[in-house]
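Asker: Sequence:
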Amino acid sequence: MPLSGPKPRWLTFDCYGTLIQWDEGLLAAVDRILVKHAGSTVDAATLIQVYDRYEHELESEKPHRSFKDVAGSALQMAMEELKLAYAPEDIEILTGSISRMPPFPEVVETLGALRQQGFRLCIISNTDDDIIAGNVAQMGGHIDRVITAQQAQAYKPSRQIFAYAHRALGVTKDDVVHICASPHLDLVAARDIGFRAVWIDRGTGRKPLADYVSDETFPSLDHVARLFSTSPWSS
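Here the working numbering is used: the first residue of the sequence shown is 320, the next is one more, and so on.
In case anyone wonders, no lab produced these hints; they're calculated from the structure. All C-beta atoms, glycine included, are put in the ideal place defined by N, C-alpha and C. Heads up, none of these hints are tricks.
Here are the simulated PhoX-like pairs of lysine-lysine, each with C-alpha atoms no more than 25 Å apart in a straight line:
(1) 326 x 492
(2) 387 x 355
(3) 387 x 402
(4) 355 x 402
Here are the computed distance ranges between Cβ atoms for each label pair:
(5) 406 x 552: 52 to 58 Å
(6) 548 x 365: 38 to 44 Å
(7) 492 x 460: 23 to 29 Å
(8) 343 x 542: 18 to 24 Å
(9) 550 x 482: 23 to 29 Å
(10) 523 x 321: 23 to 29 Å
(11) 520 x 548: 17 to 23 Å
(12) 452 x 479: 19 to 25 Å
Please put together the full structure from these sequences, using the hints given.
Answerer: The following block contains the structure:
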């Protein structure tokens, strides 16, 4: 459906996979971990798939655990399932690499263009403050606010993290447009809460929801700045 409604005061963004090259960085980190297991037939894609399953399960549990704790437990459980010996330094390889993952090529310029159009920009991310700091530092100083799962004590797609973000920004769901690449986290929340969303479909194979259509879909972030510069916002 085409984007409509009042002009948003804030644009909120998913970070990893939307702004930051998550899949590429995660694959490189897992390849480093698997170097120690040269005799194994397990490839990086298989380990990531099993890791993702455990990570999402652990993120839904209460009480809240830090992302580093969740990621470490998920990695250990995945490696044990795949009969790979886990060592504490493995999680350091994984989480230590996240902060260094770079933005997609068009991201910094696009964020600057959106700021010039008068929007304020906020990241809402399933991570810890110290992990995301390195990624935000690569975004040209264009990010006004960062909301993490650590601050909200909840992970997407929970309503809790978005409610926390909207309170922190002093907005309602109608004052924002959320921009994301994750159909199983962010678009689930958009469907359930009712905020407007733009899906950045970067061709990763992640499937859209069967019962929800985003307001707009684009293959990269630069399309968003062009759309917002010409949108006939209602008053």
